[in-house]
Amino acid sequence: MDYHFIFIQLFNGLILGSIYVLLSLGLTVVFGTLGVVNFAHGALYMLGAYTAYSIVTLLNLHFIVAILLCPIIVGVIGILLERFLISKLYKLPHFYTLLLTFGIMFFIQDAIKIIYGPEGEPFNIPKFLDGAVNLGFVVYPKYRLFIILITGFLAIGVWIFIGKTKLGAIIRAGTDDSETADALGINISRTFTLVFGMGAALAGLAGVIAAPTQDVQPLMGMNFLVETFVVVIIGGMGSIGGSILAGLIIGELVTLGIIFWPPMSTTLIYIFMAVVLIVKPRGFWGRAAFFE
Amino acid sequence: MKIFSKYTFWIIILALLFFLCLPFITPYKGLASQMLVFAIFAMGYDIAFGYTGLLSFGHAAFFGLGAYSTGLSLIHLSIPAPLAILIGVIISSMIAFPIGYLSIRRRGIYFAMVTLAFAQMLYFIAFKWRSLTGGDDGLHGVPRPPIGPINLSSEVALYYFILFFFILSVILGIRIINSPFGKTLECLRENEQRARSIGYNPTRFKLISFVISAFFAGLAGGLYALLQNFVPLFSLSLDTSGDIVLMTLIGGMGTLYGPIMGAMALIFLKDLLSTYTNIWPLFLGLLFVVSVMTFRKGVFKELKERLLKF
Amino acid sequence: MMKKMAEFIIVLCGVLFWLVFPVRAADTVKVGVVSVLSGPLATIGNGEAWSAEMAVNDFGTVLGKKIELVKRDHAYNPGVANEKAKELYEKEKVDMIVACPNSAAALAIAQQALLHKKPFISTSAGTTDLIGKQCNRYVIKWNYNDYMLATTVGLWGAEHLGKKWYTITSDYAWGHDLLKHFTAALQKKGGIHVGNDMVALQTADYSPYILNAMKAKPDVLVLLNVGPDTTNSTKAAVQYGLKKTCKIVHALLFEPNMKGAGTEIFADDYVAGSWNWRVDNPGAREYTEKYMKKYGERPHFMAAAVYSATWQYLEAVKRAKTTDPEAVIKALEGHTFRDMFANPGYIRPEDHMQIAKAYLLRAKRPEEVKEKEDYFEIVGTVPAEEAYGPAGQFGCKMKGF
Numbered sequence: 239m240d241y242h243f244i245f246i247q248l249f250n251g252l253i254l255g256s257i258y259v260l261l262s263l264g265l266t267v268v269f270g271t272l273g274v275v276n277f278a279h280g281a282l283y284m285l286g287a288y289t290a291y292s293i294v295t296l297l298n299l300h301f302i303v304a305i306l307l308c309p310i311i312v313g314v315i316g317i318l319l320e321r322f323l324i325s326k327l328y329k330l331p332h333f334y335t336l337l338l339t340f341g342i343m344f345f346i347q348d349a350i351k352i353i354y355g356p357e358g359e360p361f362n363i364p365k366f367l368d369g370a371v372n373l374g375f376v377v378y379p380k381y382r383l384f385i386i387l388i389t390g391f392l393a394i395g396v397w398i399f400i401g402k403t404k405l406g407a408i409i410r411a412g413t414d415d416s417e418t419a420d421a422l423g424i425n426i427s428r429t430f431t432l433v434f435g436m437g438a439a440l441a442g443l444a445g446v447i448a449a450p451t452q453d454v455q456p457l458m459g460m461n462f463l464v465e466t467f468v469v470v471i472i473g474g475m476g477s478i479g480g481s482i483l484a485g486l487i488i489g490e491l492v493t494l495g496i497i498f499w500p501p502m503s504t505t506l507i508y509i510f511m512a513v514v515l516i517v518k519p520r521g522f523w524g525r526a527a528f529f530e
Numbered sequence: 088m089k090i091f092s093k094y095t096f097w098i099i100i101l102a103l104l105f106f107l108c109l110p111f112i113t114p115y116k117g118l119a120s121q122m123l124v125f126a127i128f129a130m131g132y133d134i135a136f137g138y139t140g141l142l143s144f145g146h147a148a149f150f151g152l153g154a155y156s157t158g159l160s161l162i163h164l165s166i167p168a169p170l171a172i173l174i175g176v177i178i179s180s181m182i183a184f185p186i187g188y189l190s191i192r193r194r195g196i197y198f199a200m201v202t203l204a205f206a207q208m209l210y211f212i213a214f215k216w217r218s219l220t221g222g223d224d225g226l227h228g229v230p231r232p233p234i235g236p237i238n239l240s241s242e243v244a245l246y247y248f249i250l251f252f253f254i255l256s257v258i259l260g261i262r263i264i265n266s267p268f269g270k271t272l273e274c275l276r277e278n279e280q281r282a283r284s285i286g287y288n289p290t291r292f293k294l295i296s297f298v299i300s301a302f303f304a305g306l307a308g309g310l311y312a313l314l315q316n317f318v319p320l321f322s323l324s325l326d327t328s329g330d331i332v333l334m335t336l337i338g339g340m341g342t343l344y345g346p347i348m349g350a351m352a353l354i355f356l357k358d359l360l361s362t363y364t365n366i367w368p369l370f371l372g373l374l375f376v377v378s379v380m381t382f383r384k385g386v387f388k389e390l391k392e393r394l395l396k397f
Numbered sequence: 254m255m256k257k258m259a260e261f262i263i264v265l266c267g268v269l270f271w272l273v274f275p276v277r278a279a280d281t282v283k284v285g286v287v288s289v290l291s292g293p294l295a296t297i298g299n300g301e302a303w304s305a306e307m308a309v310n311d312f313g314t315v316l317g318k319k320i321e322l323v324k325r326d327h328a329y330n331p332g333v334a335n336e337k338a339k340e341l342y343e344k345e346k347v348d349m350i351v352a353c354p355n356s357a358a359a360l361a362i363a364q365q366a367l368l369h370k371k372p373f374i375s376t377s378a379g380t381t382d383l384i385g386k387q388c389n390r391y392v393i394k395w396n397y398n399d400y401m402l403a404t405t406v407g408l409w410g411a412e413h414l415g416k417k418w419y420t421i422t423s424d425y426a427w428g429h430d431l432l433k434h435f436t437a438a439l440q441k442k443g444g445i446h447v448g449n450d451m452v453a454l455q456t457a458d459y460s461p462y463i464l465n466a467m468k469a470k471p472d473v474l475v476l477l478n479v480g481p482d483t484t485n486s487t488k489a490a491v492q493y494g495l496k497k498t499c500k501i502v503h504a505l506l507f508e509p510n511m512k513g514a515g516t517e518i519f520a521d522d523y524v525a526g527s528w529n530w531r532v533d534n535p536g537a538r539e540y541t542e543k544y545m546k547k548y549g550e551r552p553h554f555m556a557a558a559v560y561s562a563t564w565q566y567l568e569a570v571k572r573a574k575t576t577d578p579e580a581v582i583k584a585l586e587g588h589t590f591r592d593m594f595a596n597p598g599y600i601r602p603e604d605h606m607q608i609a610k611a612y613l614l615r616a617k618r619p620e621e622v623k624e625k626e627d628y629f630e631i632v633g634t635v636p637a638e639e640a641y642g643p644a645g646q647f648g649c650k651m652k653g654f
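Chains as they are written, first to last, in the working numbering: chain A, 239 to 530; chain B, 88 to 397; chain C, 254 to 654.
Think of the hints as simulated: they come from the structure by calculation, not from any bench. Please note: incorrect hints may appear among the correct ones.
Incomplete in silico selection of chain B near chain A, CB under 7 angstroms [unchecked claim]: (1) I182; (2) I234; (3) L336; (4) L373.
Pair ranges (Cβ atoms, derived) [stated by the list, open to error]: (5) K470(C) x F366(A): 41 to 51 angstroms; (6) F366(A) x R192(B): 21 to 31 angstroms; (7) K470(C) x G369(A): 13 to 23 angstroms; (8) D311(C) x I258(B): 24 to 34 angstroms; (9) T498(C) x M181(B): 16 to 26 angstroms; (10) V371(A) x T589(C): 55 to 65 angstroms.
Over the 10 angstroms line for every Cβ pair with chain B, so calculated as not near, a few chain A residues [what the hints assert, rightly or not]: (11) N298; (12) F391; (13) I394; (14) W397.
Every residue gets a Cβ at the ideal spot worked out from N, C-alpha and C, and that includes glycine.
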């Protein structure tokens with residue numbers, strides 16, 4: 239047993255875990271508040287990567303600009319989608335938004351393919367984050383450390399926002415009991431729009447951050463879509479802490495699977511989910527599920 | 088739901104005519120057969136989903152089980168096709184019991200995810216067990232043994248063979264829905280607490296409904312194996328499960344005829360679109376968006392309701 | 254209301270009828286192309302479809318009949334490929350199907366070819382099962398196969414690149430087939446296989462596998478994957494500095510994907526190929542320039558293979574003076590030809606494998622790239638018999654006629 243090596247792999251599992259955390263944060267917030275199963279989440283992630291590509295490569299701006307701008311751009315797209323399409327279906331059973339977001343996903347992915355071409359775009363690690371750092375136990379790529387750090391900040395940020403700010407309280411109120419909140423004078427529809435925009439922005443940010451490490455192509459969101467849902471379910475719908483914890487655990491679980499039995503590594507996720515749900519029916523800290 | 092008026096009689100005649108002519112209308116006969124196969128699958132799925140409220144993301148498991156069981160029996164056991172299909176149906180229904188039992192304890196989206204998990208596990212097993220299933224090459228060489236004088240190698244003959252099962256399934260489906268059992272399912276879907284208070288055991292009803300839908304899925308799978316002469320691993324995939332959810336939703340859940348027409352329309356459209364353009368996912372996506380925004384309850388359900396208003 | 258329903262159905266039938274009945278000009282020769290025309294691997298498929306189109310146009314007419322081309326997208330899915338093949342053979346009544354990347358899809362089409370008794374020329378799938386246990390007389394394997402890829406680079410690499418090899422394999426039929434052949438080739442030259450990782454298709458993050466590889470300290474890292482998986486694995490290898498200590502060998506590498514990923518990450522990598530646009534075959538330069546003028550980029554080797562296969566099929570029809578499948582197949586078996594793709598190429602009657610010289614290619618560094626798609630340097634060649642091995646070695650027992 240090479241413990242040193244296993245430790246390096248586990249440390250590396252934090253990267254995968256971070257991507258899962260970033261993606262599932264956006265999804266769980268939307269899930270928990272609006273009850274919307276957003277299949278287009280992966281497509282929004284991909285849009286984040288593509289806007290980053292456009293900003294950095296086509297417009298020749300700095301990567302930092304992309305990190306700041308892209309989430310805003312994708313967030314706005316999300317807001318538009320919510321305003322004009324998704325909100326019209328709130329009164330219907332939740333299955334319909336499922337269908338709608340599915341259609342949106344197809345549309346966005348193919349539109350990008352038509353505009354940019356199917357082969358993908360090159361996106362390399364920005365120069366100032368390139369290279370490796372000696373952490374003592376391993377020489378580790380700087381950029382991947384960056385991913386872990388940013389995810390950490392973001393996770394804490396979202397937690398504080400939802401948990402401790404007034405706006406966050408409004409969102410939580412809307413989630414728990416939208417009718418009462420509405421009766422108390424809170425503008426629910428505006429809150430929902432905001433939350434969806436936030437979820438989209440988080441997905442877009444995940445896309446920007448992941449872009450240098452992956453193949454930027456129109457279907458890149460599909461790689462993560464199902465697993466992100468699984469993470470959200472394990473953590474519990476609507477629970478931010480749950481998403482963070484579940485994301486990290488899943489990242490490590492997959493990595494462990496790779497060490498010990500590679501073919502099984504993705505299946506492990508599903509087994510783990512089945513086990514969790516049997517023991518804790520709503521995930522770690524989930525609230526009453528929609529569709530119940 | 089079904090009031091026997093003279094309208095119904097004419098609708099049935101027209102529908103029969105339509106199905107009898109279908110293989111000659113579609114671009115190729117295999118497409119018509121495929122449409123029926125998925126119609127059976129979707130109809131069965133609607134019993135669990137539309138009538139009982141069980142949203143399953145893992146129904147491809149039963150479709151695939153039926154397909155592989157039927158395929159393997161035909162290859163290794165040299166038995167007549169109907170018997171092989173029976174085997175497929177039995178196996179998928181049997182496996183539905185434990186899967187259903189474990190999943191039904193959970194509700195709503197959590198239930199959906201557990202079914203998804205089981206389907207993924209089955210996919211993994213089929214993928215790894217290459218010596219049995221062919222892995223991701225799929226199971227090749229599924230024969231079509233003749234039934235007495237009828238040679239099933241002809242696509243037309245196979246279509247009518249499948250049509251026979253389709254009609255049987257529809258009749259069976261309608262009887263289930265209209266029976267007291269079916270009514271109880273609807274009652275459960277609307278308000279489970281109340282049903283429980285009257286004395287019904289929701290778990291048992293849900294489980295039976297789940298198994299019934301698996302029965303139809305397995306039947307569809309077995310017919311699919313015959314149709315394709317091979318079983319692709321794709322039959323067990325999440326995409327297939329997703330497709331059936333979409334077909335049911337688009338058609339209009341909780342109607343039986345809605346998912347049937349939804350399935351047929353979707354299969355046909357996918358084929359048509361992919362023949363004429365490379366950007367067919369774009370059109371398909373657009374189609375979903377438009378149809379959901381305009382036909383809120385599902386295309387065919389809304390069409391029927393609007394037509395009835397005349 | 255009933256009348257409206259009835260009218261609606263009648264109109265629908267009428268529309269369908271009109272829409273879908275093929276208007277087939279009396280007496281044409283129809284060629285069908287089934288390939289991946291959507292998704293990230295569409296760059297392969299588009300090239301193949303374009304090439305087939307060019308071949309059909311360039312050939313003009315055969316036996317006095319016009320030549321028509323029909324394209325279908327199988328979206329890299331064997332089930333869809335099966336259905337499209339059925340549609341093409343039955344409804345469109347194509348005389349021949351060509352292309353089809355994805356080994357499982359090719360096997361499905363091969364079955365349909367046998368069932369419908371019409372030819373299928375598989376140019377783009379690698380599995381040796383097509384010339385082995387799943388062979389049949391209606392299927393001809395053109396271009397490369399997994400054995401040739403592994404052997405060409407394995408034999409040369411074990412001598413020039415190093416002895417310790419680590420493989421990262423995509424976990425599906427094609428990956429397994431490649432791995433089998435690579436390990437065999439390695440052993441022949443005394444190489445050591447120090448480890449392997451099976452990776453699920455479309456994995457985004459290859460870092461755990463690269464870390465595994467680094468632990469084994471190989472001389473050569475072999476990436477048995479294609480498309481986005483190739484990009485992701487190579488990117489990860491570069492980021493972890495693995496490229497500084499070992500050479501990378503790929504199973505397949507396409508110019509469009511390299512451009513899409515950014516050619517720097519592939520600098521000094523090696524791959525085997527059956528063709529490259531710089532190759533000195535009769536008509537290769539003309540083909541390349543014409544393709545570039547029409548489609549804006551230079552062709553990759555799959556595209557060239559499709560052009561050659563389509564052309565040779567039409568030549569065979571001319572020789573046999575008929576489109577009857579058995580006669581055309583017989584005209585192709587044992588035939589030697591010289592064209593832009595293979596100089597010469599030979600179709601082995603024992604297993605229907607089209608063999609030709611194989612090339613060793615090195616991916617250029619960005620500063621060496623002088624023009625569009627000039628991504629490779631030819632560093633070696635391997636004669637056909639060595640690259641493809643003995644005829645019938647995969648146990649082909651011809652069925653069909």
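We went through each hint and held it up to the structure:
A distance limit of 7 angstroms between C-beta atoms decides the matter here; for I182(B) the minimum to chain A is near 15 angstroms, and the interface restraint is violated. At about 40 angstroms, the closest approach between the beta carbon of I234(B) and any beta carbon in chain A exceeds 7 angstroms, and the interface hint on this residue is violated. A least Cβ separation of about 5 angstroms between L336(B) and chain A falls short of the 7 angstroms threshold, and the interface hint therefore holds. Satisfaction of the interface hint for L373(B) is found here, the shortest Cβ-Cβ separation to chain A being roughly 6 angstroms, below the 7 angstroms cut-off.
In this structure, K470(C) and F366(A) break the distance hint of 41 to 51 angstroms, their C-beta atoms being roughly 31 angstroms apart. Checked against the hint of 21 to 31 angstroms, the pair F366(A) and R192(B) fails, with Cβ atoms roughly 52 angstroms apart. For the pair K470(C) and G369(A), the supplied restraint of 13 to 23 angstroms holds, since their beta-carbon distance comes to about 22 angstroms. Checked against the given bound of 24 to 34 angstroms, the beta carbons of D311(C) and I258(B), roughly 57 angstroms apart, lie outside it.
In this structure, T498(C) and M181(B) break the distance hint of 16 to 26 angstroms, their C-beta atoms being roughly 54 angstroms apart. A C-beta distance of roughly 59 angstroms is found between V371(A) and T589(C), which places it inside the suggested range of 55 to 65 angstroms. Look at N298(A): its CB is around 30 angstroms from the nearest CB on chain B, clear of 10 angstroms, so calling it non-interface holds up. Once the 10 angstroms rule is applied to beta carbons, F391(A) is consistent with being away from chain B; the minimum gap is 29 angstroms.
Distance to chain B confirms I394(A) as a non-interface residue, since its nearest Cβ pair spans about 27 angstroms, more than 10 angstroms. Against the 10 angstroms criterion, W397(A) stays outside the reach of chain B, whose nearest CB is about 23 angstroms from its own CB.
Consistency note: the structure conflicts with the earlier hints numbered 1, 2, 5, 6, 8, 9.
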